[in-house]
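Heads up: the sequence lines are chains C and D, in that order.
So the first sequence is numbered by my numbering: it starts at 1 and just counts up by one.
So the second sequence is numbered by my numbering: it starts at 1 and just counts up by one.
Just so you know, these hints were derived from the structure itself, not from any lab.
Just so you know, these numbers come straight off a predicted model, no measurement behind them.
Take every hint as true, because none was put in to throw you off.
Simulated crosslink set (DSBU-like; lysine-lysine; CA at most 35 Å straight-line):
hint : chain 1 : residue 1 : chain 2 : residue 2
1    : C       : 123       : C       : 228
2    : C       : 238       : C       : 123
3    : C       : 234       : C       : 123
4    : C       : 123       : D       : 31
5    : C       : 123       : D       : 34
6    : C       : 228       : C       : 238
If you want the footprint, here are the derived chain C segments under chain D, 3+ residues with CB under 8 Å:
hint : stretch
7    : 142–155
8    : 258–266
9    : 299–305
Yeah, the Cβ is synthetic: ideal placement off N, Cα and C, and Gly gets one too.
Listed below, chain by chain, are the residues.
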Amino acid sequence: MSGYIIRRFLQMLILLVGISILSFSIMHLAPGNPVDLMTDRTATPEDKARIAALYGFDQPIYVQYWRWVSQVVQGNFGRSFQTGQPVLTMILERLPATLLLNFVAMLMVYLLSIPIGIISAVKQYSWFDHVVTFFAFLGQAMPSFWFALLLIYFVGLRNPFIQISGMSTYGVSLSTASLWVVFRDRIRYMILPLAVLGFGSLASVTRYMRASMLEVVNQDYIRTARAKGLAERKVVLKHAFRNALLPIVTLIGFELPILFSGSVVIETIFSWPGIGLLAWRAVLQRDYQVVMAFNLLGATMMVIGVFIADMLYLVVDPRIKYD
Amino acid sequence: MERKPEVTAVTTEVVMPKEETYLSMVWRRFKRHKLAVVSLVILVLLYLMAIFAPYLAPYHYSEMQLDKALQPPSAEHLFGTDRIGSDILSRIIWGSRISLSVGFVAAGIALTLGTIIGSISGYFAGTVIDDILMRFTETVAAFPVMFLLLTVIAILPRSTLNIMVVIGATSWPNLARMVRGQFLSLRELDYVEAAKALGATDMRIVFVHILLNSMAPIIVSATLRIGGAILAESGLAFLGLGVVSPPSWGTIINAGRPLLRQAPWIMGFPGLFIFVTVLAFNYVGDGLRDALDPRATR
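Hey, can you work out the whole structure from these sequences and the hints?
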């Protein structure tokens, strides 16, 4: 088993190298010289050469890559071309907003979709199951930005309690107001983005949970449990549920990148001041350092998430023996 | 004594049913999935609408009628008009050309890339080639898709072709993994062994014995990918990176966003078209899954 863990770990390292090369090359496919973006028309060729030398743009491409990677490994993602701030600082500033929104959404989705998926599977082809399957299909086909606009129009614009833009009211913070007031204020802003984020992933997690439960319910040991006269409740909750939960555990690994990278579309619509919004502005302004960092971090989180998922599987499912 | 041969003749005819071809079997099973059939009809109508757009659209997609700006749906303008008085219905009809072809072409590109990479990897499973290809696949799959799309589209010159290629080029990894998985499981089967023993060439084994037998899951996921590609394109267009002339459905929604309060119909109707199209592709994919799998019993 330790052989398997080491092999998976090495694979992860290879992937990280691949990811860094790909993020770096995408940005260098871009037409237009970054120096031109940073200077205006009055800049002389000497000025441009000086700036190119300052940022290392005059070096061969592999030297540029190596410089960039060796800085990144030390946690230095360079400075934004636009604001001059360190990229890492910009990202860390935005991280709490994205984490908050996505964490609450994830909690909500799992709390709802696990029981719904189970009931749907246990009562397969019942009206409940049909309704759930139908809504799951709707949720997967609905463009999230359209759903968001519909919610804004039909709910947000008609209900004074609900806010459609931003994350908090200016001046309402724990230093000026009570916990309850702050909580209430944040809810006003969070309801709609949560609903949009939740509806999309609710659909897929429910389908996943349903499929996993269906697979377990048809196993021999469930029939055995029923045959020996166990109460249906006990069969479902104790024997089936715990085994059906195993594949769900791996999903938690895949949640990691979502937690940290957020959603560009949703954060843009609701002006949620998170990482997605920052990244989107960086794309528009061709702020290469920020975009590269964002691609790199997103992909790295994904790889680490998959690794964690594999390891979790190893822990929770003793049937799996890797050599 | 005379009647007996007659009876036998009748029975033999009843006992031997007409041989059913694979395609008619698939169609018979597909028909059982009502929603999938309805979806298929809707899709055919939508594609006809795209083909005959110039004849169907009551107005030109960018016709300016400033005195008719921001009109709500009426008999004259079924889906209302936008900021410069263009007819939303006409914009949607013309836009279907972009939205629907992006879905098809992008899925086609993903299908081609995924099948080629998955087949090579699956055929050479366990070798260095397989390792390299799979690490490459995982690398591409690791990137947050939407953001990768944004990045690449934002730096490339904006054109329908670029959008199709980029969506296709970022959405093949799952297909490649699936095709590779098919190779791994099929190549162990007896009939492939037998074909080898009979002296079939490598090419024949790959194309006839393995790929042809993997068509069912490949077709199903390609169908689902079309819906995914349409969603991806509309997301990009919504963020302002879409095709403007003729406008794709996402582009129309993007234009309607600042006017949400005064003219909700600008974003409402094109969104409905995206939603229904993607839903229809998903249902057709679902129906095909049931129909193409000979082991499925439902």
